[in-house]
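*Asks:* Sequence:
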Amino acid sequence: MLLFFVAVAVFCLGSCENVPLRAYSPGDITIGGLFPVHRKTNRSMRHGPLSCSAYDLRTFLHTQVMIYSIGEVNQRMARLLPNFTVGYDIYDTCGDVSFAIRATLQLLKTSEDSEGCFVPEGYPSPLREPKIKAVIGENYSEVSTVVARILALSSVAQISYSSTSEQLSRKLKFPTFLRTISSDEHQTKAIARLVKLFNWKTVAIVGSDDEYGKYGSDHIVELLGEMGDVCIDFVDILPDYFSQNSLKAQAKLAELLSNINTSAAEAIIMFTKDANVDVIMNAAIKNHLNRTWIASDSWSTSTKVSTLPGIDKAGEVFGFISKRNEVPGFKDYIISKFNGTTNAMLEHYLSHYPLCSNQSEENMQGNCSQKNRQQDTVQCQDLNCLATFVDQDKSYNIYLAVQVIAEALRHLLKCDNSQCKNKGKVSTLELLKEIQKVNVTVDNTHIYFDANGDPSLGYDIVYWSMGEAKQGAHIRTIGEYWPDSEIKIPNDLVISKSSAMRDTCLTRTVEFLHWLDPFAIILSCFDVFGIILTAVFAVLFTIHRNTPIVKAVGGYLSFLELFSLLVCLFTAFSFIGVPTSVSCMVGMPGFCIAFSLCISCILANLLQILVGFSFDPKMRSWVTKLNQPLAVVTILPGIQVALCVPWLYLSPPFPNQTILGNNFLMQCNKGSNHFFIAMLGYNAFLGLSCFLFAFKGKQLPDLYKNAVLITTSMTLFLIIWIIFIPIYTSLFGKYKQAIESAAIIISSYSILGCHFAPKCYIMVFRKEINNENAITKYIRQHYEQKNMSVVKS
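Start counting the sequence shown at 1; every next residue gets the next number (UniProt numbering).
To be clear, the hints were calculated from the coordinates, so they are not data collected in a lab.
None of the values given here were measured: they were computed from a predicted structure.
Among these hints, one or two may not hold up.
Dumping the calculated DSS-like pairs for lysine-lysine here, alpha-carbon to alpha-carbon at most 25 Å [claimed, not checked]:
no.	residue 1	residue 2
1	K488	K109
2	K171	K214
3	K196	K173
4	K433	K173
5	K286	K313
6	K736	K313
7	K423	K109
8	K488	K131
9	K414	K437
10	K323	K425
11	K433	K131
12	K196	K131
13	K252	K171
14	K214	K173
15	K670	K313
Listed next, with one range per pair, are the computed distances between beta-carbon atoms [as the list claims (entries may be wrong)]:
no.	residue 1	residue 2	range
16	K248	F685	43 to 51 Å
17	V235	T477	22 to 30 Å
18	S418	G310	42 to 50 Å
19	H446	L650	29 to 37 Å
20	L197	Y448	24 to 32 Å
21	T262	N546	22 to 30 Å
Note that beta-carbon positions come from the ideal geometry of N, C-alpha and C, so glycine has one too.
Could you build the full structure based on these sequences and the hints that come with them?
*Replies:* Shown next, in the form of structure tokens:
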């Protein structure tokens, strides 16, 4: 212990500058406060000064709850003991152990200490009576553990409003620690009972490498093991750097996502702080990991997580939170501009978010909604909006902590309803003993501490309703749990989220269209043959590139058309095997773009035929304007690309895992069905346009039957996709991917078989008609039959 205290003292000596936010008001008795007003620091492996970031609006409000509650106590005490006030000294710890140590040492200064850091002159010095008599905080168990060890040296009572680690109940290690929130011992029991109630047989656990996450996860593993019939698919303990934006953190996140994606777990229990959950749920939304999540109290009511855009894509969330209540009068206190009071933390807040003025109610509501999504972008603050951010759990626990201290002071000062008999000084040890004996009812909440410093408070069970996911999930209470009793949840809810009755652990395999599946083998064979056929056709067209038949089908356009068909056939392979982000984004978008290029080449060729042989002046005029091959094969596919880019950017196809019986089905989700339908519809429009132009050109002199064959190929293409759409929408299972691949292959074969194969047949077996004389003779005969004169040009 001596070495520990010397270490923190040395730390303080080197860290007196850049002190984080502090709010101070003197009093005859001062209560300290430790709050993570900022959630993160720039801590890294490199040495250097630390700074705080990620300002947390709710935690700022927590500091104001403490100040407001102390003000209420002072008003009551003024009647009983004039000229006696309770002061406060509140520090921003930034959720960091080092900052918390420095703040704690500042709180332990005595009236004799000089300004600056509290520097002990040896082991006995911290035993001097400090100015501070009790401390409220900290939020995180990891930080509270360190703070509790330091405060115990001077017998200062510490009352946490949020630290739930079971380790803090060990009085031999933490003799002065108490809390107004239930221990994780009860929360972990509640989670285990929820798993049993819903009859889940396989779960996964995500914890963190700190006092809160590690011990909580270990206890859940122990409790589920005692149940005997629940399998734990995996336990993943997140490192302390997980929430930082680093390569190591990204690698760990990718590993976790892979574990979740392939897990057979029916529910994922996340027993870690909200900063980690924020990272995980953002990734879950991006990757559409639609699962059932069990939230510990650290994030079960987190506004930051519940208002993430697209949170409904992450699945459903059940959570536990300590019994909640409104802090009496606090919202009115905010709306009244904090009753004109001020403090350093409030001034800091208002300097960043000044109060709005001359705004309509509608604009204020919009501003509030914007704040809900991304609070750092708001330029001013409407107090009505600010009041909506007051929570009912941690805020009320802070209020309870102040009331407990006030009740202990009332006993120490021997106050009755009219006066206080004892006007002497109060020592930290005396106050600690009175706090431990407190047994009081505050606003219908009966609170007292057991031998471990834990209160006898229950939990509310919450559920995130995703019906209004654009504004974030609506967190509603669906049940409750009291220590050593059964969970109370409506029966209809238990029957509808619960798993089917089973008595063994759930083992699921991932199902997808394997390469060795008979259907996949057949498709692959046709695909490979189509690729070979396309390559052969390309060779033949290259050899005969200067012959009339190649010129008749568009010349250089025919090579572009063959290339696009080759791309289509290759995209058909992307629907076989394990779906990945790349394969999903290549598959249907790649086919739609490539096939639009193919149809554009055919359309450009048809326009050339119509211009060359149409003698209708009106038709010839507007067809001539359209006969711009380079523009046609650039603009028409370009429109398809313009549809594809926002699809891939805003809501791209992604690999999705859904439950299918006792297995997981892996397949590509289209992301945005609107873009998917738009791209198919555009190709259908191009195909129909080709059909109409080709049908119009059937009466023109065409030795190689281009128009007739194009009409046939476009008819096949349209029929294929008309049949495909209802089959695709109604089919469910791994063969849904196979249907897409088959439709692409058949569409490609319709062009190869109807458009290219007959031309290659003429090149090889009917060479006598692949010359200009044969074409001229055919045209002359065509018009002579119609009694029309032919002028040779």
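*Asks:* Quickly compare the C-alpha distance for K414 and K437 to 25 Å and report which way the hint goes.
*Replies:* This hinted pair holds, its Cα atoms lying about 15 Å apart.
*Asks:* Do the alpha carbons of K171 and K214 lie within 25 Å of each other, as the hint requires?
*Replies:* OK: K171 and K214 at ~20 Å, within 25 Å.
*Asks:* Just to be careful, I want the Cα atoms of K196 and K131 compared with a cutoff of 25 Å; is the pair within it?
*Replies:* This hinted pair is violated, its Cα atoms lying about 50 Å apart.
*Asks:* Are the Cα atoms of K433 and K173 separated by 25 Å or less?
*Replies:* holds (17 Å)
*Asks:* What's the verdict on K196 and K173, does the C-alpha distance respect the 25 Å limit or exceed it?
*Replies:* Answer violated: K196 to K173 is near 34 Å, above 25 Å.
*Asks:* Okay, L197 versus Y448 on CB: inside 24 to 32 Å?
*Replies:* The hinted range 24 to 32 Å holds for L197 and Y448, with Cβ atoms some 29 Å apart.
*Asks:* Taking the beta carbons of K248 and F685, is their distance inside 43 to 51 Å?
*Replies:* 50 Å Cβ-Cβ, so the 43 to 51 Å window holds.
*Asks:* Okay, S418 versus G310 on CB: inside 42 to 50 Å?
*Replies:* violated (60 Å)
*Asks:* With the threshold set at 25 Å, check whether the alpha-carbon distance from K433 to K131 stays at or below it.
*Replies:* Holds - the C-alpha atoms of K131 and K433 are around 18 Å apart, at most 25 Å.
*Asks:* Has the hinted range 22 to 30 Å been met by the Cβ atoms of T262 and N546?
*Replies:* violated (57 Å)
*Asks:* Given the hint of 22 to 30 Å, check if V235 and T477 actually sit that far apart at their C-beta atoms.
*Replies:* holds (29 Å)
*Asks:* Keeping to a limit of 25 Å between CA atoms, is the pair of K736 and K313 held or broken?
*Replies:* holds (22 Å)
Figure legend: structure checked against the earlier numbered hints; hints not met, in rising order: 1, 3, 8, 10, 12, 13, 18, 19 and 21.
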